[in-house]
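K.L.:
Sequence:
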Amino acid sequence: MFAALSEKHEHKKVLPDLEGAENGVVMRFAPNPSGPLHIGHARAAALNDAYVKQYGGRYNLRIEDTDPKRVDPEAYEMVIEDLKWLGLGITDTVTQSDRLHLYYEICSQLIGRGGAYVCTCDNEQFRELKNKKIACPCRAQSVETNFELWDKMLTHGFKEGEASVRIKTDLNNPDPAMRDFPAFRILDAPAHPKVIAHVYPLMNFSVVADDHLLGVTHVIRGKDHIANTRRQRYIYDHFGWKVPVYRHYGRMGIEGVVLSTSQMRLGINDGTYTGWDDIRLGTLRALARRGISPEAVRNAMLAIGIGDTDISFSWDNLYAENRKIVDPVANRYFFVHDPVTAQIEGMQPHTAHAMLHPGDAARGTRTLEFTGTVLIPKSEISPDVTMLRLKDLFNVKISWNGSIPSFTYAGDSLADARVAKAHIVQWLPAQDTIACTILTPEGEIAGACEPAVRSELGKVIQFERVGFVKIDAVKDSGVVAYYTHK
RNA sequence: GCUGCUAUAGUGUAGUCCGGCCAAUCAUGCGGGCCUUUCACGCCCGCGACUGGGGUUCGAAUCCCCAUAGCAGCACCA
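Per the working numbering, the very first residue in the first sequence carries number 1; after that it's consecutive.
Simulated from the structure, these hints should not be mistaken for laboratory data.
It cannot be assumed that every hint is accurate.
[As the list claims (entries may be wrong)] Subject to a maximum C-alpha distance of 25 Å in a straight line, what follows is the list of computed DSS-like cross-link-like pairs (lysine-lysine):
id, residue 1, residue 2
1, Lys242, Lys69
2, Lys130, Lys159
3, Lys132, Lys152
4, Lys194, Lys168
5, Lys475, Lys459
6, Lys69, Lys223
In this text the structure is predicted, and so the values were computed from the model without any measurement.
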């Protein structure tokens, strides 16, 4: 009977089967080290991870840094940190700039097979020919000539733009993007931060080389790569290599945060954003700072799945996942927004106890000393309010002399408060509070909270009736909290 | 424009391959209620969708065609 009940709760979202995965998989996550990871990356990272966990196998992290223009030296570490935070089962890590020699070697093999040629055409000129489905003169060169030119490329006999390696495809392919696409180019500047080189593979080449070398069996990536998959197939065909199974998921629209690396960098440099973890950004570190748990991110991404339709990312759904994780563990505290001092007549000082968590008495209580004067939220006091219940304390009667309220003890009975439909409000002993600022995407909420909140630095707590927040900083002047969600 | 892909409630998702068991699943959201010294959590009830039009068929969310819409790619970026 209980088994049946609990089964219902163990309903896990199962991803669709991958063809040919029965005996395990080798997958990869292949980011560009141009900045920290954001929610968009999380989808690819989490989906591939989930399949590796589902079928067993290896999970490669492959840093794709073959374009020195798009490499931020600091990003290598940020990517690793972000992935570690996300909690993925990465088993192997490779960096493409360490492997240039492998790509050169494979390129030589491909030239030897007649599958690629060195093209010395002007870029514009080639494009024109390509669009007319006409082979450029270089295409007909002998293998020997190609080897000579390739050697000249590697020994820096060509300057940037003077030569490239192209893959022989099908000039009659209806999609011009498929026709003899480039595989290597020469770049004289900027210098690569990790390696001295001037001949760099293009993504479509290095990806195939690495997927083959690493034994990648399944690839899950965004549909912006569909055309690349088609291009890459030509290389597999030239070698007769086994092609991985691909899945291309649809575009994910994400609103409300900045995702563009260049825009983020600009904003950080000009002081618009405080850093890569500014909560207005969509980076994983920003989510972490706001109190979103990595597990929630993963769950949200798995719920979205690998469908090929375009979707809009729902913050509500992410928040719901996060709430499931955070609600059972977050301690509860009082936060008084826009505090008003109220002197309460008719009651002796005494100590109030409030539970740290309503569902877990074992966690204990906080103590609040009532000495006569309390802070209550301004919004709870208006001339039509004549009674309030201070949570875990007692009832208060409010008498109005014009617009001046006065407060009197009105008994301990919770039942009375219920009958009077009195709001149950947060309060703080006036003599024992600290300032608290809650930062939300919409702005700051200033108020006060219990001093004990200081001990929750770095943790997510719940301010009762306000929402979950993460304590970001504890200073002499008070605490700073980031609003997580309701 | 060219080359492709897709179209289920506000959002995400299951079902589509192999047509009937789908007056369409689950989650989230929203509304109402119960519980509760939180407007949280939990529980209960409700709201809400097969893009449109043709066709095939006894029967279509599911197959075919057309239309419409959206998206991706069309770089010596990844």
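K.L.:
Please go over all the hints and tell whether each is borne out by the structure.
P.N.:
Tested hints:
no.	hint	result
1	Lys242 x Lys69	32 Å, violated
2	Lys130 x Lys159	23 Å, holds
3	Lys132 x Lys152	29 Å, violated
4	Lys194 x Lys168	31 Å, violated
5	Lys475 x Lys459	15 Å, holds
6	Lys69 x Lys223	24 Å, holds
The earlier numbered hints that this structure contradicts are 1, 3, 4.
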